[in-house]
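The listed protein sequences correspond, in order, to chains E and Z. In terms of this note's numbering, the first sequence is residues 1 to 213. In terms of this note's numbering, the second sequence is residues 214 to 426.
If you are wondering where the hints come from, they were derived from the structure by calculation, not from laboratory data. There's no promise every hint is true.
[Claimed, not checked] Below are the DMTMM-like pairs computed for lysine to aspartate or glutamate, each with C-alpha atoms no more than 20 Å apart in a straight line:
#1 E:K74 to E:D161
#2 Z:K287 to Z:E302
#3 Z:K339 to Z:D278
#4 Z:K248 to E:E134
#5 E:K126 to Z:D304
#6 Z:K339 to E:E34
#7 E:K61 to E:D44
#8 Z:K351 to Z:E409
#9 Z:K260 to Z:D239
#10 Z:K365 to Z:D304
#11 Z:K348 to Z:D304
#12 E:K35 to Z:E343
Bear in mind that the values here come from a model prediction, so they are computed numbers and not experimental data.
In case you want the letters, here they are:
There are 2 protein chains.
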Amino acid sequence: MNPHSVIVMSPSKRKTQSDKRVRIIDASVEVFAEKGFRSARISDIAKVANVADGTIYLYFKNKDDLLLTIFEEKMEGLLAELNEALSGEEDPISKMRIYAREHFRRLVADPQLAQVFQVELRQSHKFLREYRPEKLWKYLAVFRRLVEDGQKMGQIRPDRDPFLLQWAFFGALDEISIQWVLSRGRPRFNLEQAAEQIVEVFLSGMAVNQQQN
Amino acid sequence: MNPHSVIVMSPSKRKTQSDKRVRIIDASVEVFAEKGFRSARISDIAKVANVADGTIYLYFKNKDDLLLTIFEEKMEGLLAELNEALSGEEDPISKMRIYAREHFRRLVADPQLAQVFQVELRQSHKFLREYRPEKLWKYLAVFRRLVEDGQKMGQIRPDRDPFLLQWAFFGALDEISIQWVLSRGRPRFNLEQAAEQIVEVFLSGMAVNQQQN
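Build the full structure now, drawing on both the sequences and the hints.
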């Protein structure tokens, strides 16, 4: 027997392991969205992921750990998608429009993840009070830099505060997102129209040349 | 013995009862803010309110009931204060400025209530998923009507959606409020300046004549 075989995992074994981990994360999104974070049990997740309960504890400490992992990994993906969507465009103002549209597009594209992000995540004491959501700050920083770029290019008023506005803009998008998720089934918001309105209000409100669009 | 004395409460007895209820509510705000809603115990609240544990259950079913009562009664007070602050002014645009300033003024005036409203309340599963926060909708409707009034008076563009904008505006104020509460002790936000920026961005973004301020 090759002495390395106990230390070095074969590629197929490594793949199976990462598959399991991904399956558990995806199952958690499904279960948290359907049952709510508070009511969800590890055994529910195990069932959906088709693994033994104990297997989950090989990868994650507890439900909170799973929730934070969902946040970390899914945000990573969203950030990559956002940067991809922005990469084809040069103009900061046009990029802001894409930013808002992308924000809402992803809600619609993955309603379960939307439920977890907009509702369940907020119910985690740990997330809200102890955790430093650096990935969220990265997401906000993309917008902040667009404001700064717009200021450098003379499109956006220099007296607008990019740090404050990143939070205000995110707050506006986020509140609409929460209401959209909570009102699922009886949506009062047309999200495309919402993206348009919010961007237009913020853009006109930040613009140097406040022209009618 | 007057046969009514067991049925009809004397005014002083009634006052004592309502005093107790108010004391319990105020103690809950203090305890929820300090310990967090999740960790707070009824016995902690009883101690601060200076009543027996059992007394609290004469007035409230459980912690969730207390939290929702705080929301209901404090919102009622905030709405009254807001309407009072707006009553001296006729112009919708000026009223919007007052609206934002009042929103942040109350955060600073009562940091414990701010903690409960901005952080603890969101952690209640019941509040977020089952409850209909009609008092919040009333608070938003005040802003929505200002947008509508501004539209009637030709100050605000008719293509701006008052329903959507009430949520976007609230979302912006609310996100800044959350960040301010979470960053207590190392505040990166000057709230007066924040109110000014958000109002100016929204006003310029909604205005028919988009002039520099």
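Practice prompt. Take a quick look at whether K35 (chain E) and E343 (chain Z) sit within 20 Å of each other, Cα to Cα.
Written response: It holds: about 13 Å lies between the C-alpha atoms, which stays within 20 Å.
Discussion item. Would the hint linking K365 (chain Z) and D304 (chain Z) be met if the CA-CA limit is 20 Å?
Written reply: 12 Å, holds
Practice prompt. Compare the distance between the alpha carbons of K348 (chain Z) and D304 (chain Z) with 20 Å, and conclude whether the hinted pair is satisfied.
Written response: Cα-Cα ~24 Å, so violated.
Worksheet item: Is the straight-line distance between the alpha-carbon of K339 (chain Z) and that of D278 (chain Z) 20 Å or less?
Response: 10 Å, holds
Worksheet item: Taking 20 Å as the top limit, are the C-alpha atoms of K126 (chain E) and D304 (chain Z) close enough?
Response: 44 Å, violated
Item to complete: Measure nothing beyond the straight line between the CA atoms of K248 (chain Z) and E134 (chain E); if it is 20 Å or shorter, mark the hint as holding.
Response: 25 Å, violated
Item to complete: For the pair we were handed, K61 (chain E) and D44 (chain E), check the Cα-Cα distance against 20 Å.
Response: 16 Å, holds
Discussion item. Run the distance test for K351 (chain Z) versus E409 (chain Z): straight-line Cα separation, threshold 20 Å.
Written reply: 23 Å, violated
Worksheet item: Holds or violated: are the alpha carbons of K339 (chain Z) and E34 (chain E) at most 20 Å from each other?
Response: 15 Å, holds
Worksheet item: K260 (chain Z) and D239 (chain Z): Cα distance at most 20 Å?
Response: 12 Å, holds
Practice prompt. Take the C-alpha atoms of K287 (chain Z) and E302 (chain Z), compute the straight-line distance between them, and say whether it is at most 20 Å.
Written response: Measuring from Cα to Cα gives roughly 24 Å; hence the hint is violated.
Worksheet entry | Pairwise hint evaluation, D161 (chain E) against K74 (chain E), where the allowed Cα distance is 20 Å at most | Roughly 29 Å between the alpha carbons, so the hint for K74 (chain E) and D161 (chain E) is violated.
Consistency with the previously given hints fails for numbers 1, 2, 4, 5, 8 and 11, ordered from lowest to highest.
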